[in-house]
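Protein sequence lines correspond, in order, to chains Y, R, U, L and D. Residue numbers for the first sequence follow the working numbering, beginning at 1 and rising by one. Residue numbers for the second sequence follow the working numbering, beginning at 1 and rising by one. Residue numbers for the third sequence follow the working numbering, beginning at 1 and rising by one. Residue numbers for the fourth sequence follow the working numbering, beginning at 1 and rising by one. Residue numbers for the fifth sequence follow the working numbering, beginning at 1 and rising by one.
Bear in mind the hints are in silico, worked out from the structure with no lab data behind them. The beta carbon of each residue, even a glycine, is placed where N, CA and C say it ideally should be. A couple of the hints might just be wrong.
As the list claims (entries may be wrong) - Computed Cβ-Cβ distance ranges for the label pairs, DEER-style:
#1 Y:76 x U:76: 52 to 62 angstroms
#2 U:53 x D:223: 26 to 36 angstroms
#3 U:76 x D:205: 48 to 58 angstroms
#4 Y:304 x D:165: 37 to 47 angstroms
#5 R:77 x D:37: 34 to 44 angstroms
Claimed, not checked - Partial pick of chain L residues on the chain R-facing surface, computed with a CB cut under 7 angstroms:
#6 38
#7 43
#8 53
#9 61
#10 64
#11 67
#12 120
#13 121
#14 134
#15 166
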Amino acid sequence: MTPTRRRAWPGLLILLSLLLAGCASDAELDTLQPRGESARDIDDLLDFVMIVAGVVLVLVVGVILWMGWRNRVSDYDDDDFPAQTHGNNALEILWTVVPAAIMAAVAVLTVIAHIALNETEANAIEVEVDGSATSWEPKVVVVGQQWWWEYRYYFDDDVTPEMLGDPKNLPPADIVTSGQMAIPAGQEIELLVTSRDVIHSYWIPALNGKRDARPGFFSPWKLAADEPGVFFGQCTEFCGVSHSRMRMQVVAMTDDDFQEWIDTQMTPAATPTDEAAVRGMEAFVANCASCHLIDGVNDDTYTGATTQSGSAPDLTHFASRTTFAGGILNTYNEDGSLNRDDLAAWIRDPAAVKDNVADGLGDGVAPRGMPNLGLSERTISDLISYLETLGPKPSAEIIAATEVE
Amino acid sequence: MAIIEQPLAIETSEAQLAERPLGSLTRPQGGNGWRDWLSSVDHKRIGIMYGVAAMFFFLVGGAEALLIRTQLAFPEQGFLSAQIYNEIYTMHGLTMVFLFVMPLAAAFANYLIPLQIGARDVAFPRLNALSFWVWLSGAVFINSSWLLGGGGADCGWFCYSPNSGVTFSPTHGVDFYAVGLLIIGTASIVSSLNLIVTVLNMRAPGMSLFRMPVLTWMLLVTQFLLAFALPVIVVALFLLLFDRVFDSQFFDPDAGADPLLWQHLFWIFGHPEVYIIILPSFGIISEIIPTFSRKPIFGYSFMVFSGIAIGFMGWGVWAHHMFVSGIGPISVAAFSLSTMFIAVPTGVKILNWLATMWGGKIKFTTAMLFSVGTVAMFTIGGLSGVTHALAPADTQQTDTYYIVAHFHYVIFGGGVLGLMGGAYFWWPKIFGHMLNERRGKIHFWLMIIGMNLTFGPMHVLGLQGMSRRIDTYSAGFGFDLWNLVATIGAYTIGLGVCYFLYNAWVSKREAKHLPAPGPDPWDARSLEWMVPSPTPEHNFDVIPTVESQDEWWYRKYGYDDNHKVVRIATVEEAAQKGDADDVHLPSPSFWPLVIAVGMPLIGYGVIFNLWLCVIGGILVAGSIYAWVLEPVDDPDAGHGHDDHHDDDGGDDPAMVGAGATDEGEGS
Amino acid sequence: MSDTIAETGSETEDDHHPSDLQYVKIALVLGVITSVEVFTYFESVLDWGDALIPSLLVMMVVKFWLVARMFMHLKQDKPILSGLFATGLGMAIAVYIVALLAFQFWA
Amino acid sequence: MTTTSTVAVDTHHDAHQTNTGISNNKLAMWLFLGTECLLFGGLISTYLLYKTRGNGDVLPTDIFDIPFTSVSSFVLLMSSLTMVLALSALNRGEVERSRAWLLTTAMLGGVFVGGQVYEFTTFVREGMGFTTNPASSAFYTLTGFHGVHVSLGILMLMSLVVASVQGKLKAENAETVEIIGLYWHFVDIVWIFIFTVIYLIPAE
Amino acid sequence: MFTPGFKFFFGLAMGLVTAAVVYGYSTGGDHVGPLVWGWKGGIGDHVGYVTLMGLGVVAGLIAIALVMYRDADPAAQAHYAGVDSIAPTTPAAASHWPVVAAFGAATMAVGLVVHSAVFVVGLVLCAIAAIEWTIDAWADRATGDPVANKALRDRVMAPIEIPAAGAIAAGVMVLASSRILLNASANGAVIFAGLLAVVILGIGTLYAAKPKLSKNLIAGLMLVAGVAVIAGGIVAAVDGEREFERHEVHEDGAADDTHADE
Ligand code: HEA
Ligand code: HEA
Ligand code: CUA
Ligand SMILES: [Cu+2]
């Protein structure tokens, strides 16, 4: 008897664990807690299928257990045979047809959900860009590269793959940011997902499923958040050594906050006044400008980064973002002060913080990730002072909500 | 070791040797020493060698799995560096799939197909040896990358481009991946052709296709899948290799190439591959469940046809691995639908097994426990597979641990457990003694508890958003607990595996004091049980004439007037004695081994220095010709020539054709 | 596939392979078709219009079929050989057409 | 009962008593050809997918020399004829004649491969190397694989010629010739496919 | 214990390995590279090192195989046969390989002056002669039985000779015809290829149609055709390829390498 009873628990374990999963509260990537329309559609579909699957599983395992209990013998003896049934066509046809019918039903729901997932609606909203009101069909170009995400906002143009051309050489955008995508809540945001090097995958579980970023191509995708909030994501296509540290967030805002965000991002970087920051800016021009762009500092000479992907995060509004380095580090401490420690560690030796392939490379091999530039502690400190001036500090709530561990 | 002490029918006399003073160039003769394993063309020995090698690589792949699990036991661990982790999980996947499950299935196929269809050997015995040695050389080759290639491949087992290009994976790991899989693939194609011809051509009189055991059927379907799927990955691997070694432009997006090409080619192969993994196990439990239910298999022809249907449908679903790759909504919908319906033939099988047990007299031997466990665990994995088949749902699931859970349930729960059951079932037939049943059951429970502990929580992890192929994770995502549980589970499986080895070892020692199991210890149903255990080298004294499905059972039992089963013959009466000494057997040969040495040389040559290719190429070409010039049947072997059915095709340059062509592809 | 292959096969078995002359004739037919194919390349000779690709494909299939049936003796040999080859060929055609469709090759 | 019934009506030696009535070798060769379909199918599809991906450089379709390739195609086609004549001669026991045809087949194959070397060289000289663009890589890989197949076929034919000269190729061995012939014809039909689909059907 | 075969191959292996190491150091190998197959340090010139080392290893392996299987050891044979000794034999016939070797050497000398290709041909001839000669010499003394010796030689050499002969025959054909084609004009190439095929087909048909026709005539025809092709090939190769026009870059530019997947 004992063995049969024990056999019940694998199945139970799974059911139980699914329940537990549903209750987990700290799971920021949980797919079972949809916060947007697409994710909810998916979740509904899955719920239904899970029930079907659960029933099938209980039936199959139940029958096994039942027979293990009923028909068990400990040894055979020569003339004790059960009825020798060789089959039963009607029965077998039945259990060909019934699963087929179940699957057909599932198929219908799947196709409905699939269509919903691939439709986009026309939902232009009014935003103010450079002081003039513009009708904007929310659309963000999402570009993956080893190992961070860039977001590009074009407010005026009709953003199409043709207009964008080569992902490695995209036309200048109104706003370029990285790590955190800002969106207006309650709106459907269309995405064009692409990559500058290998395949990545863009995934915000609470808002929608994922979509691969394929070099050379723009894949359409979308997402929407019901309410303002912060939603975490993780690159899910294996993309090299720091794949696990390629994360991202979506920050959904009220329309007003979003407008405010646009305004900040459209303002060029202010020239620093603080002495350390001035030195930092000089150090930036000397050390960092070959890769990073700061609007108002090196935008006249900048032609792309000397990295394999030809890109590095745009630092113009660095201080307005609350995470950096592919969404794994906090820009600000819990108390709202600049996270100098992590920033210093990053600039001192990025590979020590996040594995990359940027140091000790042969001639003509472009780095993947940010190299160790061998800067003195003093320069590092100056650079941080300068970085702090780049953009306004976000609100305390945002800092708290976007905090990563 | 147990294996090497196999008694053999052929004994060489010194006088014969003296007749042919050709020194080392003398054709090897059968014998008992270790050298005779190197030149053996006996399908049983080759099967055993496949099995031993596969178990070895199971330990390697399992050790890699344990490293993975150790690294992931707690958040933010630095036990393995990210780079090493990536190499380890890639090699884990490759090792388990290509160096463990496939060869273990090949072990069963080699050992059992000829016996189940009543043949003396496979159609091309030397080619069979070739397949094994070349496979082994490929296996060693691909693992030699740890030492010679600057680390293992680090691109994942499906090695998507462009991440697999030299720019993004500059060590030689991926080169070893490409060349190693080419060598292994060549070996598997050759072996599949051989086994298909064996089944089609070498059956005993009366053994019509629809009297063949279900296992033979499933293995036949598997061989067809191999034969047709492997050429596709061969193409993909060549393109990858050319890109990496000769700078061609197949996967460089900057040059206008499309990374999806690799994905399509890989998965056109890859999906049939997963059925290659599962179908042998389906076949095995289709032998075990009837035996221990004391009933014939329920719905034989439905079982066979659903196996064939799975084989065919498996070709139309590959893009379900690419639902988020950007193949366009129409393709996604089409492949989503086709995938769902593959549940139907698979379901037929599950339900037919249940129906076989229904009303039966079920004896829970270890083999039976494993088989029933397979049915249950595979169902769990199959059902999660169905949830992936819904393309919208899969956009949430793909590349998460939910997928990892799915495929370990089907592969480990479905494939490996079934193969383990097969090991317990046929152990006495192969080695002449039983595996201890009591320890076997402990082994079973360790495995099943371990696997549910390991892979069950992965469902939760995946749905909670844990990506696969991440070398570490942060605390605070809710991943901590279940990862720890999974790690504990993995070590439990590890314990189970060790316990199995212990059981094998001790059972062998104990066997000396136990009665021999006899030809038919389980009261089983198919032809292999009518020959002594272990199987004599010549298999059958007299090739049996087959009159029904489950022939061996019908030689033991009949029906009385009330349609009640009665015994009509004891095993001793019905079984063969295994003492025929005038059976002609194919002669051993060294050339397969030599060719297998040449192949990796060519491989290293492609990677390091083309001149090595020349040496390897000469070795391979020379051995192929030497093989062809060597008569199939050694005229000096001095044995009675009776009803010889075996033909090696050796003296046919045609086989050079087949061999040489593969070779051309390999260089 | 059944075990009656041997029996049923034997009926088509006994008709003899073509004679050398027949082989030469077949080769001539093949040659003529090839010439026609080649002439499509010189558009000035004859404008095929939309019929070009279909006709080329038809001619190709005819040649393919002739060689396989006659030179490779599928016509005389046991059907199982045709079956095996057709499985591979059919599988290849089906799978790769679907793959190219997925690339919107004909879009 | 299968093995007892009809066997070897047309097979030329009666050693094989197989269930299908077909020798193992021949069955294996046909199966092998079946798998080769998937190999060439993959290469052909790769080329089709990439044929316009020139990245601005020369495409194969820009520089095809159709007249020359037509001659090559004829040559290969005729070699199929001589191949089948060799078999038919050997079937009748005409060893010498069969040897002549085998040698002719091999030499025609040699002309084909020579033509391919010529073609490749001209293409490279005209600026389309193996690494120029995806289209060129795919073109050389496809036709190169075919060329390697032809070359191996030639090698097998030459081995038959050697065997024949040594007096080892007799009517009993006709099946060997038949099987190598199958391979040869297969390589020919692959070319029939390539010639039409890759060379003749114009790009866009 | 150590058979003649073993001694021969073992000596050969040692010689080759030593040569490889010396060669490696003399062409820029450093540290222990040439000694440890480049594990640590460089091995110098790759081509030469690998060739020598590879051949050395192969010879070594053969040597091991030979001693393992008590190869061709007359004493061992005698032991098996149960007799005291087996009479030694002398080679059956004089070898013609020295002549080939001499010819090869002469060709090399000519090649040094004329063209490197000729030199290579000479080198290959010498290599062939060397290998064949050694094997013959070895086989002739291998056992006490001339028939066995012949069989022995064939077992070693036939698997290499047959494919090599076939490959050379086909290779000459391919090389020669492609040189001629490259030398001709584009249209000329078409015509030549067609003609060549017709000639081959013609001779084949003639031979097949009239196998009884004077052997000499056919052989003569074949010889003439063959020599013509080879000679043509050499002349064409020396004369060089025709002028080729490098193709301009495709105007309609980059293939659509960016598009959505809709
Ligand atoms: C043994 C190997 C094996 C087997 C048999 C299967 C079987 C199936 N697999 Fe699985 N699969 C893998 C091995 C396997 N798979 C692997 C290795 C991967 C990952 C590769 C990688 O990414 O590394 C994978 C990934 C994978 C994916 C891609 C996921 C992703 O990456 O996004 C999908 C998507 O559709 C899928 C689906 C299925 C389905 C529908 C089946 C079906 O065949 C299952 C059918 C069985 C049942 C359904 C259960 C029994 C049926 C009944 C009791 C009848 C009643 C049932 C119903 C009415 C529902 N599998
Ligand atoms: C046949 C296939 C097969 C099998 C049997 C297994 C078995 C196991 N697998 Fe594997 N797995 C794959 C195929 C398989 N896997 C594939 C294809 C992938 C995807 C790879 C990729 O993404 O590219 C994968 C990926 C994969 C991952 C995901 C890695 C990642 O995405 O980052 C994990 C994580 O836990 C895992 C764990 C395990 C475990 C714990 C086992 C256990 O069942 C293992 C049990 C065995 C043992 C524990 C061995 C016991 C041996 C000893 C104890 C002795 C050791 C000592 C000596 C060497 C002397 N596997
Ligand atoms: Cu980017 Cu994973
Ligand atoms: Cu699949």
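Numbers of unmet hints, in rising order: 2, 3, 4, 9, 10, 11, 12, 13, 15
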